[in-house]
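Chains as they are written, first to last, in numbering that gives the first Met the number 0: chain A, 0 to 254; chain B, 0 to 221.
No lab work stands behind these hints: they were computed from the structure.
Take these hints with a grain of salt, some might be off.
As the list claims (entries may be wrong) - Far from chain A by the CB rule (all over 12 Å, computed), these chain B residues:
hint, residue
1, Ala5
2, Val8
3, Arg9
4, Arg16
5, Leu26
6, Phe35
7, Phe37
8, Lys44
9, Ile56
10, Arg68
11, Gly77
12, Arg87
13, Pro88
14, Glu122
15, Pro123
16, Leu131
Claimed, not checked - Beta-carbon label-pair distances, calculated as ranges:
hint, chain 1, residue 1, chain 2, residue 2, range
17, B, Phe203, A, Arg10, 39 to 45 Å
18, A, Lys151, B, Pro189, 42 to 48 Å
19, A, Met233, B, Val39, 54 to 60 Å
20, A, Phe102, B, Phe118, 37 to 43 Å
21, A, Phe102, B, Pro189, 35 to 41 Å
22, A, Trp120, B, Leu22, 36 to 42 Å
23, B, Thr192, A, Phe39, 45 to 51 Å
24, B, Leu91, A, Ile230, 40 to 46 Å
25, B, Phe203, A, Trp120, 27 to 33 Å
26, B, Thr192, A, Ser109, 30 to 36 Å
27, B, Phe37, A, Glu43, 46 to 52 Å
28, B, Thr124, A, Val200, 53 to 59 Å
29, B, Gly40, A, Ala238, 56 to 62 Å
As the list claims (entries may be wrong) - Which stretches of chain A does chain B cover? Using the computed rule of at least three CB atoms under 8 Å from a CB of chain B, they are:
hint, segment
30, 141-154
31, 165-171
Because the structure is a prediction, the values reported are computed rather than measured.
Backbone N, C-alpha and C fix where the C-beta goes; we use that ideal spot for every residue, glycine too.
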Amino acid sequence: MTLYDLANPTRFLSLVERIMPWLIGATVLALATGLYMAFFYAPEDYQQGVTVRIMFVHVPSAWLALLCYAMMAGSSIGTLVWKHPLADVSAKAAAPLGAAFTFLALFSGSIWAKPMWGTWWVWDARLTSFLVLFIMYLGIIALWRTMDDPIKAAKANAILTLVGVINLPIIKFSVDWWNTLHQPASVFRTDGPALHSSILVPLLVMAGAFTLFFIMMHLMFMRNEIYARRIRAMRMRAASAAQPHANVTAQIREV
Amino acid sequence: MNWMTALFVREFKIAARVGGGALIGVLFFLAVVTVFPFGVGPDLKMLARIGAAVLWIGALLATLLGLDRLFQADREDGTLDLLLMSGRPPELIVLVKCAAHWAATGLPLVISAPVLALFVNLEPTAIGAVTLTLLVGTPALTLIGAVGAGVTVSLRRGGVLLSILVIPLAIPVLIFGVSAATAAVGGPTPFLTPLLYLCAISLFALVLGPVAAGAALRVASD
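Next comes chain A alone, as it looks inside the complex (with noise of 0.2 Å):
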């Protein structure tokens, strides 16, 4: 790795610059059709009244966190296999928005049922699973940072999130496989969903939102990211220049 091969992140960079705009213009457009159709257009539920409304935050979430799992290990693929050099920015900048989505999931799942369950917290599988899979993101981003060499922390994190994928099966069937409080999915059925259209197209809306305003913020940190390592790339440069005779070139053929 050398610093001219930062040439095609330049071609990145420009592309999202030229993307960004009509990507913000869609994430704007879209999570105001969902918030709209979400509070006037869906009816209230017989027997759980207003709080219904929670479900559009909630499942577009939770999918989400899921999604920048899936994302983040094929990054990790693309960074132990190929070693594409932006694979492992896209797994470092998704670490902390998989991180908040799962966040924003437990989170709304638990003011959603403390009125319907009662309780804040249940120790129901889904529930669990979810729990460990926020663990799991915290984890990754810890190393992310304990770790100063980028490329090692990169390889490192890879496997780590590869390993971890074994989560993502026990999350999507813990509903299925153990019978408990979260209600089985109702979406992703093989004999179609079981919602009301009323219903499913602002969820549906919700999720289309939920997944634009991540692609968004995935760049907008991608992005940072690479500024982040030309900084460094520049520091380092900058201070082997200056201290000619020190050892540094060693450090600086590493970025």
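Got chain A sorted already, so can you dock chain B onto it with the hints?
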């Protein structure tokens, strides 16, 4: 196969001699189990109900305790580089090191479990069950822990981080180990089902652990 035996003997000797070895893990196990009755109260009936879980958590924590030295000590004195440069597959090196580590720290936990089970008022069948599940399950803990140890090998103080990374991955082992042990004394599920799941996890970890940890060691060495 000769180099594997030699490596196993070397690892086992070091693990048994340096830093108290097997005894320190068992002492830690004893300390954790002793602390539980102070935390939840000395009610013998309740202790009998949660005893299997107490032993399993004690074993998990005792396993985590020594894991950060699994590769780090060898990395610091250069042995790890020699091992990796010897041309032997890193996966097999990890496997042998894990086997020696388990024999020196995991096996003593399993052997001491029946004695500690008396402290938490387990009946004879439950003692047998919890010892059997620990025998089947602790290798999985070591092998999964090896992934964390490999990933954090280059960190100077990776011990706490290692535990944070490994505990989420070790939860399935804990779930099936405890449910098998409690099922043996009249739970709603049969004893064999969770035990077979536990065996499956251990076999899976036998493949996944060395492959992932070997990859991590390769990354750390170059």
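Inset, instruction - Run the C-beta distances from Val8 of chain B to all of chain A and say if the shortest one exceeds 12 Å. - result: holds, 29 Å
Legend entry - 12 Å cut-off, C-beta based - Ala5 of chain B kept clear of every residue in chain A: Consistent with the label, Ala5 of chain B stays out of reach of chain A, its closest Cβ about 28 Å off (over 12 Å).
Legend entry - Least C-beta distance between Lys44 of chain B and chain A, which was stated to exceed 12 Å: holds, 22 Å
Legend entry - 12 Å cut-off, C-beta based - Leu26 of chain B kept clear of every residue in chain A: Per Cβ check, Leu26 of chain B is outside 12 Å of chain A; nearest 28 Å; holds.
Legend entry - Verdict for Lys151 of chain A, Pro189 of chain B (Cβ pair) under range 42 to 48 Å: holds, 47 Å
Legend entry - Check on Arg68 of chain B being off the interface with chain A, judged by Cβ distance over 12 Å: At about 18 Å from chain A, Arg68 of chain B clears the 12 Å cut-off, so the statement holds.
Inset, instruction - Please test the hint of 53 to 59 Å on the beta carbon pair from Thr124 of chain B and Val200 of chain A. - result: holds, 56 Å
Inset, instruction - Report holds if the minimum CB distance from Phe35 of chain B to chain A is greater than 12 Å, and violated otherwise. - result: Label holds. Min Cβ-Cβ 19 Å, cutoff 12 Å.
Inset, instruction - Examine the segment 141-154 of chain A for residues whose CB is less than 8 Å from any CB of chain B, and state whether their number is three or more. - result: As far as the segment 141-154 of chain A goes, the hint holds, because 6 residues have Cβ atoms under 8 Å from chain B.
Legend entry - Given as non-interface: Arg87 of chain B, partner chain A, CB spacing beyond 12 Å: holds, 20 Å
Legend entry - Thr192 of chain B versus Ser109 of chain A beta-carbon gap, inside 30 to 36 Å or not: holds, 32 Å
Legend entry - Consistency of the no-contact label for Arg9 of chain B, given chain A and a CB cut of 12 Å: It holds; Arg9 of chain B is separated from chain A by about 26 Å at its closest Cβ, greater than 12 Å.
Violated hints are absent here; each numbered hint is respected by the structure.
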